[in-house]
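Chemist: Chain residues, written in single-letter form:
2 protein chains.
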Amino acid sequence: MRNLTQDNITQAVLARLADTPDPRLKEIMTSLVQHLHSFAREVKLTEGEWMRGIEFLTRTGQMCDANRQEFILLSDTLGLSMLTVAMNNDKPAGCTEATVFGPFYVEGAPGVDLGGDVANGAAGVPCEVRGQVRGLDGEPVAGAELHVWQADADGKYDVQRPGQAHQARGVLHAARDGRFHFRSILAEAYPIPDDGPVGDMLKATKRHPWRPAHLHFMVKAPGYETLTTHVFRNGDAYLDSDAVFGVRQSLVADWVRQPDGRYLVEYDFVLNPVKAGA
Amino acid sequence: MRNLTQDNITQAVLARLADTPDPRLKEIMTSLVQHLHSFAREVKLTEGEWMRGIEFLTRTGQMCDANRQEFILLSDTLGLSMLTVAMNNDKPAGCTEATVFGPFYVEGAPGVDLGGDVANGAAGVPCEVRGQVRGLDGEPVAGAELHVWQADADGKYDVQRPGQAHQARGVLHAARDGRFHFRSILAEAYPIPDDGPVGDMLKATKRHPWRPAHLHFMVKAPGYETLTTHVFRNGDAYLDSDAVFGVRQSLVADWVRQPDGRYLVEYDFVLNPVKAGA
Numbered sequence: 001m002r003n004l005t006q007d008n009i010t011q012a013v014l015a016r017l018a019d020t021p022d023p024r025l026k027e028i029m030t031s032l033v034q035h036l037h038s039f040a041r042e043v044k045l046t047e048g049e050w051m052r053g054i055e056f057l058t059r060t061g062q063m064c065d066a067n068r069q070e071f072i073l074l075s076d077t078l079g080l081s082m083l084t085v086a087m088n089n090d091k092p093a094g095c096t097e098a099t100v101f102g103p104f105y106v107e108g109a110p111g112v113d114l115g116g117d118v119a120n121g122a123a124g125v126p127c128e129v130r131g132q133v134r135g136l137d138g139e140p141v142a143g144a145e146l147h148v149w150q151a152d153a154d155g156k157y158d159v160q161r162p163g164q165a166h167q168a169r170g171v172l173h174a175a176r177d178g179r180f181h182f183r184s185i186l187a188e189a190y191p192i193p194d195d196g197p198v199g200d201m202l203k204a205t206k207r208h209p210w211r212p213a214h215l216h217f218m219v220k221a222p223g224y225e226t227l228t229t230h231v232f233r234n235g236d237a238y239l240d241s242d243a244v245f246g247v248r249q250s251l252v253a254d255w256v257r258q259p260d261g262r263y264l265v266e267y268d269f270v271l272n273p274v275k276a277g278a
Numbered sequence: 001m002r003n004l005t006q007d008n009i010t011q012a013v014l015a016r017l018a019d020t021p022d023p024r025l026k027e028i029m030t031s032l033v034q035h036l037h038s039f040a041r042e043v044k045l046t047e048g049e050w051m052r053g054i055e056f057l058t059r060t061g062q063m064c065d066a067n068r069q070e071f072i073l074l075s076d077t078l079g080l081s082m083l084t085v086a087m088n089n090d091k092p093a094g095c096t097e098a099t100v101f102g103p104f105y106v107e108g109a110p111g112v113d114l115g116g117d118v119a120n121g122a123a124g125v126p127c128e129v130r131g132q133v134r135g136l137d138g139e140p141v142a143g144a145e146l147h148v149w150q151a152d153a154d155g156k157y158d159v160q161r162p163g164q165a166h167q168a169r170g171v172l173h174a175a176r177d178g179r180f181h182f183r184s185i186l187a188e189a190y191p192i193p194d195d196g197p198v199g200d201m202l203k204a205t206k207r208h209p210w211r212p213a214h215l216h217f218m219v220k221a222p223g224y225e226t227l228t229t230h231v232f233r234n235g236d237a238y239l240d241s242d243a244v245f246g247v248r249q250s251l252v253a254d255w256v257r258q259p260d261g262r263y264l265v266e267y268d269f270v271l272n273p274v275k276a277g278a
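So the protein sequences, as listed, match chains A and L. Residues in the first sequence are numbered from 1 upward in steps of one, following our numbering. Residues in the second sequence are numbered from 1 upward in steps of one, following our numbering.
Only chain A is shown next, with the shape it has when bound in the complex (with noise of 0.2 Å):
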């Protein structure tokens, strides 16, 4: 295996992995070779490109930290976790749709009574959000255990200020009828982290950071698929330009103005039931 060119390196390389035990890790790695080599070749990629591509993804894999995810706001906004949820969440209609997890999740969020306030001292806009998780043939789901997470006021994750508590994110669990309730803060559009390698890109590209204004959830519960996704705020400027292209119709809520100025929003979850022996 000396001399190898443009034309034979490919199958050299996927050559080399014949020996790899795992079926699908075989399976993953000669896709990624083939794409991967596809990828230079198509372009013809300098030598000065590739190690500026080094460098772009050196700078990401720096710029990750406890609190920072940026290679998955690379994903996000490469439109690579959208595919990625789409592929797998395809659920009976009925169900409520999946979107992205997105970077700013945390384990270990403070558990909420039920009407408990998940805002912690955020800055914004007092709301409250109020719904039911049933199952697809429209039972309750008791008990079913919320996580929510959000930004607050100035478009800002706790996560991202160093040093903060947990703020605008907690985990609940539904009463016995499936219902729930609880208080935060308004959500607001806010531009995703654009300081590091991933703003860059952005910005060399004319894309603007923006998510519109959005509350994520995961809803978990025994016996159904768990549910990752966002209630999105209808009437937001952002909503058909998602920087991370998360958008689905059916996750679109009125937060409403109370005579009181807090906000109220409700929104049901409707979760896919484990298949019989999956």
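Nothing false has been slipped in among the hints.
The list makes no distinction among identical chains, and a pair is therefore deemed to hold if it is satisfied within one copy or across any two copies.
When the alpha-carbon atoms are kept at most 25 Å apart in a straight line, the in silico SDA-like pairs for lysine to any residue are as follows:
id : residue 1 : residue 2
1  : Lys26     : Gln6
2  : Lys275    : Val43
3  : Lys44     : Thr30
4  : Lys220    : Ala93
5  : Lys44     : Gln34
6  : Lys156    : Asp195
7  : Lys156    : Gly121
8  : Lys220    : Arg179
9  : Lys206    : Gly48
10 : Lys206    : Gly235
11 : Lys44     : Leu14
12 : Lys220    : Asn67
13 : Lys44     : Asp200
14 : Lys44     : Ala15
15 : Lys44     : Arg24
16 : Lys26     : Ser38
17 : Lys26     : Met51
18 : Lys220    : Asp113
No lab work stands behind these hints: they were computed from the structure.
Place chain L on chain A using the hints.
Modeler: Same frame as chain A, now just chain L:
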């Protein structure tokens, strides 16, 4: 642009690149997004696999520092580096062939006089290196700048030893007749660093991490294309299974043991003249 599906999301992402001012960047991003999405579709990437990919890339970036470039190792072991070299170094017959740059070049290596010793105390069997730098028509390239770097007897480059001063690397200039000679140590086969994510990938695919013994050269001279290459040591067990696919038969030379126990390797470099107007 709501309700994107696995069938139309790629076009939606490409549409978002429409205003990219630099046509070359637009071309590269368009091809990259298409191949990235095609890969995910072809293997029907799961959400768990997506997250493992995010974690792998993050670890790869975080493994990089001033002395280690894990993304170059990844590119090298996936054959992308050699493919890029092959596409961009289609030189006339008679020119010395190029091969991969690798992750171990460093700026600021010490200057060495002709005949001097680049080893600087690196462990290894003493070796003399001789040759001539010529142009394609046989003309000597007076004063050509030669950057050389190599691993020591333990298979380690200086930058792999924390706090180590420059060893087994240097910059020298050919004489008026293009000839050069310097002292170093015998090149030995070595494994690429495999204690990081690239090593994990090699293990998971049952690939060995070894590179055949070689000496790196980068040769520069006004009026000629810069040549980045290796000279490989004839007889090495890994010449046909180089972990980074870099071996070219024309770059293999004999390291000849001399009566005093030292080795001698002779190799001439033929540079490609820059085309008029290029």
